[in-house]
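**Q** Each chain is listed here by its residues.
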Amino acid sequence: MAFQSKRVGRLILKLLPVVVALVALFASLILVSNVQQPAPGEAGGAGQSYARVLVLTVFALLVVVAGILHRVILLARNVRAQAPGALLSARWVRNFLLLSLPPALIVYFFSAYFLTRTIDSWFDVGVESALADSLTLGQKFLENRTMEVRNQVRRLGREIDNPDDDAEAVRRTLLRHVSTAGPLELSVLTTDGRLVASANINMLADLPERPGDYALSQALEQGEYAAAEPVADGMLRIRVIQRLPSGLPGARGYLLQAIYPLPESITALTDKIQREYRRYQNISYLRTALKQSFILILSLVLLLTILLAILAALNVARRMVTPISKLALATRKVAAGDLTHEVPAGDRDELGFLVQSFNEMTEALTAASEEAERSRAALQSQREYLETVLGSLTAGVLTLDNQQRVVTANTAAEEILGLPAGFFTGYGLSERAETEPFLLPLAELIDRQMGRGPAEWQREIRLQGSGHDSQQTLILLVRGSHLGKKTSAQGGTVIVFDDVTMLNQAQREAAWAEVARRLAHEVKNPLTPIRLAAERLRMKLMDKLDTNDGNMLERATGTIVAQVEALRSLVDAFGDYARDPQLQRAPLALDDLVRDVVALYQHKDQRVQFHLELVSGPSGLAADGGQIRQLLHNLIANSSAAVAQGEQAEVYIRTQVITRAGQQWLQMEISDRGPGYPQTVLEKPFEPHVTFESGSSGLGLAICGKIVADHDGRIALSNLPSGGASTMVSLPLD
Amino acid sequence: MRYCVNSVKAGFFCLAAMLTAGCGQEAIGYGFVIKDVSISPGYQALNIRLQQDLDLSREARKALQHGVTLTISLDMEVRNDNNMIMVRRDTRRFHIRYLPLSERYQLREGETEKLRVFTRLRHVLAVIDDLSVQLSTGPLLPGGYELRTRIRLDEGLLPAPMQLPALFSSQWRHDSEWSVWPFKVSA
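Chains as they are written, first to last, in the working numbering: chain Z, 6 to 739; chain L, 491 to 677.
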């Protein structure tokens, strides 16, 4: 309700200036019509409201000016604020005024011109002269008539006796002389105007009217008074007052008054002449005022018309531009992404149609946007799914575009190659190979294969080094497949690769284990008979031979027994290598185990100096203690054996817990300050019978590799830049 | 067209002149003054005698000579002097016109047909100078009253083209303003 009343109030405020202006315009026109009727001496009626209408008009002007100012200020403020539609409104108003003002001004000037000319045309010297002459003629006629009747009255005066003697005789005399041709009325008055005797042609007429003071005084001073006088009905009559001759000195004086009529035809004519003369004089007198009033009112009308035009222009502009402003505002909102904004429907015209079309367009856009959003969400979901799938793959996957730039790379690809997340995305493989040279074989392979055409391909390559370890050798099984137009609009290639280093090594280890097992079986069996035969020979022949031969027999059989024992040790080592893992996993405190093994070595070999940096525990390590002890033994033995006899050996053992790809690992590094691993070892570090030590079986590192692999761990060999070998063992923690 | 422009200019000029005319006062030799009022309560009426001094300005006389009818209004109000409640209000009008044929001045009182003709304007004004009027009031309660009188030349009854100039010209200012005359009504 309050909203409605506010709306009505606003509507009234909007319409008020227009209504007021129209009323004022109407009033001005009324003024014009009044001014056109300057009835001589008959002012009144509408004339009384002249000032009020004028005040009303001025008030209307003020209201309209205030209304216009208010709208212009609002428009200027909107233009400054660059509100939608403000500039259009301003232009509209300007054009409207440019179109409406010139005709209004032309009409004004020509109206003023014709008005003044028309007023001037009312006055003509000839007419004025004729009217004056007519009036003079009338006056002359009246004078003549007055002279005639004055003479008659003089004669009559001489016939009248002294009223003091016989008033009745005087009345009879008067009665005898009255007639319809005149005099109509005769009366004898005293000098102070008191009636003495009278006679009227109309027996029922009232008593004679007392003459005016002026007439009386004239009659007394000059002896007579004669003049034509107007009467109530617009007619004229001639009044003559004659002083009667006085017989005796000192007697009272008397006056004879005679009233003469004028013929009706003459009276009508003189009345008409008088009226027209007065009208002409009146108009002539009001000539300047008339022009001023006409021009003033015309100016007011023009001003009101112009103001009304401005007001109309402002209102029409606002009315026309409002839907456009709303559309512009809505367009901005739509451009900003707000598709929910709806423009209220306007009139059933072109603008209304435009608004309706806009609303339909936003609805269509909303629907399309929602569809696009759904598609995007579906695509995103699919992409996330694909990423999840790719992320869960153990194989590395790279997708390349036609320029060999990496579009996607899954986590496994970066993990296999030991590179940080996002290393590839957006770069070419050759470009990345400049940063990480170990990628060069992979880049060359892909480049070469893509150059050969769209056929699928598969190759195994060896990368020397990785992001994890520059000394590591990675063996990758790489498969490539061209993305046709059916699967991808952009085309490109998908590369899938697996780290087959472990597999490769496992295969080799399995082969070596088979060799070792057969070797142990074939070699171990004859060793005991050989030893027993050698010992029997020494025992049977020692007593029968002289000292020299006995000594030679003793050395020969000793050599046989020693070599047989060496062979047995070798065969046992092969047996250990070939034996299937029977792990007995149990929670293991690696720091304690390391200290135990180190204590044994410190006791056994004083030249070895240990430097330990061990983390406590750590908890979560489940391993076969015997196997790990052997691992430690082999690695420490390697480090101590690498140092020449008699030299001080320094062995560093460090452990730490690291997190890699969400998995916790126990990392143990055993390093020394010796000559380091030979290159041949680094190339094939865990293969049996590759020895660099005299008197060694050459299976130490191979067994270490096997133990670590059995524990699902990783082992890597490298040489330190400062000198010395380093073996890095990583074991998974639960 | 030149004539037209001149006319328009003249119009604005005249408007400006009219607006500023009220600022300058002619040496006063005209105007309306109420000199004395005597009041005698009668039967449900007041018998009032007004003595005034009326004289018309040169412009007013000129207008009269040119056929403009002048109307002189006499306003009267009777108020109770306790609560200032208006008891009665009345206006008497006197219309003066000039008759060129007979070269006389005609006085008409109110809207009646009673005409009086005078050879001189001063005779007409002399009639209005000394007025005896009866103001019907109905029964008045005993107590104090006041009679407010005002006599003026009614500019609103001038011909329309003269009204705007008359609003701003001192030549048309003939107004005695209100004068107050207390009187008592006894039981």
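Hint data in this document are derived by calculation from the structure and do not stem from the laboratory.
This structure is a prediction, so every number in the text was calculated from the model and none was measured.
Note that beta-carbon positions come from the ideal geometry of N, C-alpha and C, so glycine has one too.
Warning: the hint list may mix true and false statements.
[Said to hold, decoys possible] With a straight-line Cα cutoff of 20 Å, these simulated SDA-like cross-link-like pairs (lysine to any residue) come out:
id	chain 1	residue 1	chain 2	residue 2
1	L	K552	Z	K545
2	Z	K338	Z	S289
3	Z	K545	Z	V566
4	L	K604	Z	E368
5	Z	K277	L	I524
6	L	K604	Z	P235
7	Z	K689	Z	L725
8	L	K604	Z	E234
9	Z	K545	Z	R560
10	Z	K277	L	Q555
[Claimed, not checked] Far from chain Z, by Cβ distances over 12 Å, these chain L residues were calculated:
id	residue
11	S528
12	Q542
13	D543
14	T559
15	R638
[Claimed, not checked] Here are a few chain Z residues that face chain L, going by a calculated C-beta distance under 7 Å:
id	residue
16	F146
17	Y219
18	L221
19	Q279
20	Q286
21	N287
22	A294
23	P349
24	A350
**Q** If a hint holds in the structure, say so; if it doesn't, say that too.
**A** Hint by hint, here is what the structure shows:
1. K552/L <-> K545/Z: violated, 189 Å
2. K338/Z <-> S289/Z: Roughly 71 Å separates the two Cα atoms, so the pair is violated.
3. K545/Z <-> V566/Z: Holds, at roughly 16 Å.
4. K604/L <-> E368/Z: Violated - the C-alpha atoms of E368/Z and K604/L are around 87 Å apart, more than 20 Å.
5. K277/Z <-> I524/L: violated, 39 Å
6. K604/L <-> P235/Z: Distance of about 12 Å is within 20 Å: holds.
7. K689/Z <-> L725/Z: Given pair K689/Z, L725/Z holds - Cα atoms ~18 Å apart, limit 20 Å.
8. K604/L <-> E234/Z: Distance ~14 Å between K604/L and E234/Z Cα, so the pair holds.
9. K545/Z <-> R560/Z: holds, 15 Å
10. K277/Z <-> Q555/L: At roughly 18 Å apart (the allowed maximum being 20 Å), Q555/L and K277/Z satisfy the hint.
11. S528: At about 23 Å from chain Z, S528/L clears the 12 Å cut-off, so the statement holds.
12. Q542: holds, 19 Å
13. D543: holds, 19 Å
14. T559: Answer for T559/L: violated, closest chain Z Cβ roughly 3 Å.
15. R638: holds, 22 Å
16. F146: violated, 10 Å
17. Y219: holds, 5 Å
18. L221: violated, 12 Å
19. Q279: Holds, because the Cβ-Cβ distance from Q279/Z to chain L comes to roughly 4 Å (cut-off 7 Å).
20. Q286: holds, 5 Å
21. N287: holds, 4 Å
22. A294: Status holds, d = 4 Å.
23. P349: With Cβ-Cβ at 48 Å, over 7 Å, it is violated.
24. A350: violated, 50 Å
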